[in-house]
Amino acid sequence: MRDGVRVRASLAAALFGSVVLAAPAGAQDYSGQTLVVGTWGGDIERLLREHAAQPLEEMTGAKVEFLLGGSGDRMSKLYAERENPTMDVAFQNIYEAPQLLSDGLVVAPDEASDAYKAVWPGMNNGCYAMSLVGLGIAYNKDLVPEPPEWADMWTPDYHGMIAMAPYPGSEGDGILGVAARLAGADEHDADAAFAKLAELGPPALTYTSLDEVFALMDAGEVAMAPMISGYVLAALKEYPGIGFAFPTEPGPVLIRDMVCQVANSPNPELARMFIDLALGAGTQKAYAEEIMFGPTNSQVEISEQAATDTINTPEEVEGLLQLDWPYVISQRADWTERWNKQILGQ
Amino acid sequence: MNGARMMQGRRAGAVLLVPALVLVAGVFLAPFLLLVLMSLWSQPQGSLLLDTTLTLKNYLRIFGDPFYLRGLLTTVWLSLAGTVLCLLLGVPLAWWIVRWTGRWRGFVLALVLIPLTCGALLPTLGLVNLLGPLGVVNGTLKALGLIDRGLPLLGNQAGILIGLVQAFLPLMVLPLVTTFGRMPPSCEAAAMSLGARPPQVWRHVLLPLAAPGLLAGSLLVFCACLTSFVTPQVLGQGKVATFATMAYQQASQVLDWPFASALAMVMLAILGLMGVAAWGLGWRLGAQG
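Chains as they are written, first to last, in our numbering: chain A, 1 to 346; chain B, 347 to 635.
Just so you know, the hints here were simulated from the structure itself, not pulled from any lab data.
Please note that a few of the clues may not be correct.
[To be verified] Distance windows between CB atoms, simulated: (1) B:T486 x A:G241: 48 to 56 angstroms; (2) A:P266 x B:S393: 32 to 40 angstroms; (3) B:L459 x A:G32: 48 to 56 angstroms; (4) A:P268 x B:L471: 23 to 31 angstroms; (5) A:E199 x B:T401: 49 to 57 angstroms; (6) A:A198 x B:L492: 44 to 52 angstroms; (7) A:E65 x B:V361: 37 to 45 angstroms.
All C-beta atoms, glycine included, are put in the ideal place defined by N, C-alpha and C.
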């Protein structure tokens, strides 16, 4: 009997020891679970897969599945699935994140977390700030010999030669904020903003892709276009006759991509881990070096070339024009109608 | 015995219909009813959540705001103009296919039908390459020294109409080919032998006989133009508002799903009225025939 007890005790100890030795210290096994991440395709998907998804899969045994598409589609999905979300992490635009938090669809950023504290102060608005870009001006170097300021777009020579992005969108909101300031007001005075912007005349083009607008700009049909840095700087390598400028009076409009943890999602712990990796040095550096999206992580070190092309220093961040995005999104329906009527002339 | 067999056959037929009815109910009817309900809902100020209290405010906004009434008129106008242009082009084309292409008829008909097989986006993007500021038309005019800057062939109703005709001409030609194909050539010969000149033959013989095909083709083209999205969205370049482009903007960008549903319901109502009118006209034509 004693021998039998001793054998059972030895067996139990051996089993316990093997389990302790097999499991890495502090790690949980998420095998069989799938984290669903909604984001834009192309380079963003590639960089997130390489620097956030793959490390997470290796660390936890979980799988990461990407749901690709525009942020508007993700917003629709989040609202439609409100009671039973299938997405765990959603990348959204700067004006969508506060709306999502206000409607209870995402988890508020954790102010005590290291990832939160590493981000530039005041940027985690609604969700965690993922990348920084600025609204500047792309221009034809022959038609516009010097890097333009915002007011240069209103020069009579360029009337009817300004291209715009589709509205609603951050480019449109940004240029409305700029127009308001040129009129001596700010984005809270929609009448001033729209009246000033309407002086440009109907857009030469409402572009839906960079190739479309750059082809026309290169041919001299379009003189200037308000555009978001990032992709633009990468695309300009193909168009030596086109330049990109960050104006100073006022400065470039701050645009941010945000990464959100979906409320009541199936995998909240995995979602937090993914967000930590997205905001970590690896992903943030890759964003800056490869697609010229400025890091929101203030502790990331990037190369000199990337530093030139991105917004990454306290001084540059200070110089950005920051709009009241929660107010802007609250006016979305009204401003869309006004844009259709006053800017597009529908 | 025969009666019992008939009853059995009918019951079997009804049972066989059940899977199709379930599919239609699930895939079409349920979402349609949700669309109707959604058009009567709203969103609270500052939120995208749905307020399911029934309200007519979306419809009041459509019919009370000149901007949306103008959009409705533009949509109907473009549909009517597209239908007329397809009639003017489709009738001679269908007649030529039936009477003059001989053994090449099938091949020519296949060429006419090609736009229907490749969706709306590809042909529309092709038109952008043709009509755009850097397109073939403007490029040729610039090369000839006739213009310095591109002519605005896109971003206006003219560009959209070109796109609508290109996309939906096959819908006019097909029914007309069928109708003209059923007419014996002896009709024209008989009319001409009684002294009718060609315009009179067309006016008093061929067009009345082709009325069902004309009606079918016109209805198909009008409905297709009314609900067309890709063509006005791409060729209108955001400067021409139709109900389809407005509904897309409201649903996908503004995220005002109740208002987008109301816009869609108004289009469906117009389609329904057109269908009823066409049925009445078709019944009258049948009664007169």
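Tested hints:
1. B:T486 x A:G241: 48 to 56 angstroms: violated (23 angstroms)
2. A:P266 x B:S393: 32 to 40 angstroms: violated (25 angstroms)
3. B:L459 x A:G32: 48 to 56 angstroms: Since B:L459 and A:G32 have Cβ atoms about 50 angstroms apart, the given range 48 to 56 angstroms holds.
4. A:P268 x B:L471: 23 to 31 angstroms: For B:L471 against A:P268, whose Cβ atoms are near 43 angstroms apart, the range 23 to 31 angstroms is violated.
5. A:E199 x B:T401: 49 to 57 angstroms: With a Cβ separation near 38 angstroms, A:E199 and B:T401 fall outside 49 to 57 angstroms, so the hint is violated.
6. A:A198 x B:L492: 44 to 52 angstroms: violated (32 angstroms)
7. A:E65 x B:V361: 37 to 45 angstroms: For B:V361 against A:E65, whose Cβ atoms are near 41 angstroms apart, the range 37 to 45 angstroms holds.
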